[in-house]
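**Student:** From first to last, the protein sequence lines are chains P and R. Counting the first sequence from 1 gives a position; our numbering is that position plus 7. Counting the second sequence from 1 gives a position; our numbering is that position plus 4.
Everything labelled a hint here was simulated from the structure, so no lab data went into it. Be aware that one or more of the hints could be misleading.
Unchecked claim - Below, simulated DSSO-like cross-link-like pairs (lysine-lysine); rule was C-alpha separation at most 30 Å, straight line: (1) P:LYS130 with P:LYS311; (2) P:LYS523 with P:LYS410; (3) P:LYS410 with R:LYS102; (4) P:LYS438 with R:LYS165; (5) R:LYS102 with P:LYS438.
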Amino acid sequence: MRTKHRMILTPLLMAAGVANSAASTLTHATSNEFGGIALLDAPSNLGLRPPSPGVEPGVKRLAEAIRATGLPKRLGVQDMGRVLAPPYSPEAEPVTGYRNGLALAAYSRDLANRLSPILESKKFAIVLGGDCSVLLGAGLSLREHGRYGLAFIDGHDDFSPPRDPSKYEGLNTAAGRDLALVTGTGPKQLIDIDGQRPYFRVEDVVQIGVSRTHEDREFFQVEKFDQSGILTLDIDAIRSRGAERISQDARRYLDTPKTDGFWIHLDADVLDTSIMPAVDSPNPRGMSFEQLEVVLSQLLASPKAVGMELTIFDPSLDPDGHLAKQLADVIERAFLLSGRIPTNKATVENDTTAMQDDAAFASVLLSHAAAPKVAGEADIFAPLLGRWDLDVVFYHPDGSIQKRIPGEWHFARALEGRAIEDVWIVPPRDKRNSLDPAPGEYGVTMRFYDSRIDAWHSVWHGVVNGIVWPFIGRRLGDEIVLERTGDDGELMHWVFFDMRRDSFQWRSEVSSDGGKKWRVEQIMRATRQVQEHQ
Amino acid sequence: MNPNQAMLNALDADGPAQPYEKELMLFGQFVGSWSLDVIYYNVDGSIRWQTPGEWHFGWVLEGRAIEDVWMVPPRSQRSIGPDPSGEYGVTLRFYDPKLGAWRSTWHGPVNGYVLPFIAKAVGDEIILERTERGEITRWIFGRVQADSFYWRAVNSADDGKTWRLDQEMFATRVLPLA
């Protein structure tokens with residue numbers, strides 16, 4: 008929200024600096040100095056095992072799902088199309104020892120060929136994977152253009168070989184070894200395409216976010232990664248030192264003059280399974296969306312970042328598309344905060360800053376996903392998230408209509424996903440005259456789930472009329488009923504009912520006899536506002 | 005448009021609303037961001053927990069209200085998962101001309117608190133007060149300067165004769181980047 012000009016830019020960036028006096032610096036060129044963004048789909052699942060017999064990994068549809076969120080338009084990308092992959096086979100492939108190994112070698116060459124013109128044009132490349140093996144194609148292209156570093160943001164090291172290789176003969180998964188492959192360990196067909204090994208040098212790589220489980224240590228030679236010389240900023244480091252400080256460390260390391268730039272590899276499974284379950288190997292100790300936003304925006308802010316790939320998110324595990332939207336939102340925000348995209352077409356330095364202020368404050372207040380205790384059955388207000396047009400009717404005690412006014416209602420998640428905040432504006436903004444004392448109301452409700460009572464606190468603040476009313480809300484059948492008792496002993500219910508995907512109704516009713524008889528005071532009919540399309 | 009952005013556009017305001025601009029600046033003076041040193045006390049006066057924190061104030065609702073997000077520990081030190089740390093809550097404050105005072109309500113979702121206060125200036129300080137079950141709680145902003153303030157929470161079970169110090173905060177304004 009707009010305070011003074013730039014002040015709000017600091018919260019997100021100063022987050023880690025708050026506890027110490029070191030000011031953080033997100034130094035970057037303005038968006039005018041960055042050369043534009045190009046988008047390339049690499050829908051390859053060649054690097055993964057089948058999720059179950061006879062089923063192809065769904066990560067092939069990641070690009071489609073991310074595009075459907077409208078992200079490309081919001082980032083203002085140039086669309087460079089799609090690099091189709093050869094058909095997936097679950098069979099063992101003995102030549103490389105990797106499932107689909109030879110197909111992957113050919114695909115990597117194709118992908119590199121399609122990435123080359125983008126790198127040469129100095130546009131920032133976004134590659135929508137696919138699984139992590141798309142890194143081979145990206146790495147090959149980069150190596151052919153110089154020496155590039157790598158920010159490897161991933162919940163796994165994608166490096167350590169199995170302790171018992173005999174179990175994996177012909178069936179090694181490239182998506183589980185891509186970091187080893189691109190740094191020169193593995194079959195020649197994959198690590199040395201056109202003699203370019205290694206695509207990345209180990210000393211030019213930073214691993215961010217690795218999270219080890221018992222199984223990892225038991226079944227994989229993790230010591231090989233630990234001794235590889237790759238700088239590692241694991242999940243424990245992020246949690247103890249903070250995403251801000253970690254991202255600065257990574258940025259300083261990657262901004263070295265020894266390289267011509269660096270690539271960003273982002274595997275969705277760096278995120279915690281509680282917020283990102285739609286991945287092949289869910290991460291029980293992963294990053295939060297907010298931490299990822301901090302890391303990604305810091306890296307994107309460097310003029311040396313030349314591109315990124317997004318991998319592993321599996322839309323088949325996200326049937327209603329909300330995880331795709333959350334992922335897209337984090338990426339969009341990171342681009343905004345980094346200064347890589349202008350915040351509106353008529354860019355003026357002031358506007359850019361104000362939008363970044365809003366983006367930064369939005370980041371403190373608002374959230375993308377429900378907190379763990381709120382998710383699932385407890386998340387009763389989730390269907391209301393979004394924007395609504397209202398038709399509001401107030402009734403006389405005799406049941407006749409007192410007045411009828413339009414309105415608007417906007418719901419969003421807040422406070423690390425533990426709360427929902429909604430702004431209720433009657434009449435709506437486009438019908439308000441700011442010179443008159445405002446009629447109606449322009450208020451806000453704060454709602455949060457309390458597991459101690461298995462119910463929601465829901466506090467209405469009617470700032471025009473001087474009202475603060477705390478309610479307790481629960482789902483009852485198909486309705487959500489909020490209840491309070493007035494000072495005069497009168498029972499009040501605010502009820503959400505007839506809840507559908509694009510509409511709902513709401514009523515306010517009171518009872519003076521302990522709940523035997525109810526009188527309806529107000530009814531609202533809400534219809535969902537049309538979303539802007541990509 | 006990012007759905008959260010639409011909500012923020014509806015919520016957001018540029019500054020205080022007329023005609024109560026002067027009254028609104030009582031809390032309006034805090035708009036911006038603060039870094040905190042927070043100390044919680046046990047009833048015997050020993051320190052229970054000392055932690056850094058963050059506090060961000062902004063204008064909302066056509067400038068009639070201030071919303072502020074408060075958290076301990078700061079974001080960079082927060083873990084995620086089923087057992088969150090500290091608190092990450094919000095206060096909604098607005099000036100009520102009929103009351104001649106502010107209604108200021110703290111919402112703490114981690115610890116399950118909804119605490120409505122009435123707040124007004126008292127001398128150099130701003131005192132938020134509420135009474136529940138015979139106990140008076142006051143949250144007090146004091147030593148307010150442009151770039152710092154001192155906040156304390158005190159509690160009285162004997163109608164204000166004696167007060168127990170429950171919590172302190174030392175706040176420093178976070179300056180904008182150059």
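**Student:** All hints, please: hold or fail.
**Tutor:** Here is how each hint holds up against the structure:
no.: 1; hint: P:LYS130 with P:LYS311; result: holds (12 Å)
no.: 2; hint: P:LYS523 with P:LYS410; result: holds (27 Å)
no.: 3; hint: P:LYS410 with R:LYS102; result: holds (25 Å)
no.: 4; hint: P:LYS438 with R:LYS165; result: violated (52 Å)
no.: 5; hint: R:LYS102 with P:LYS438; result: holds (26 Å)
Hint 4 from the list above is the single one not met by this structure.
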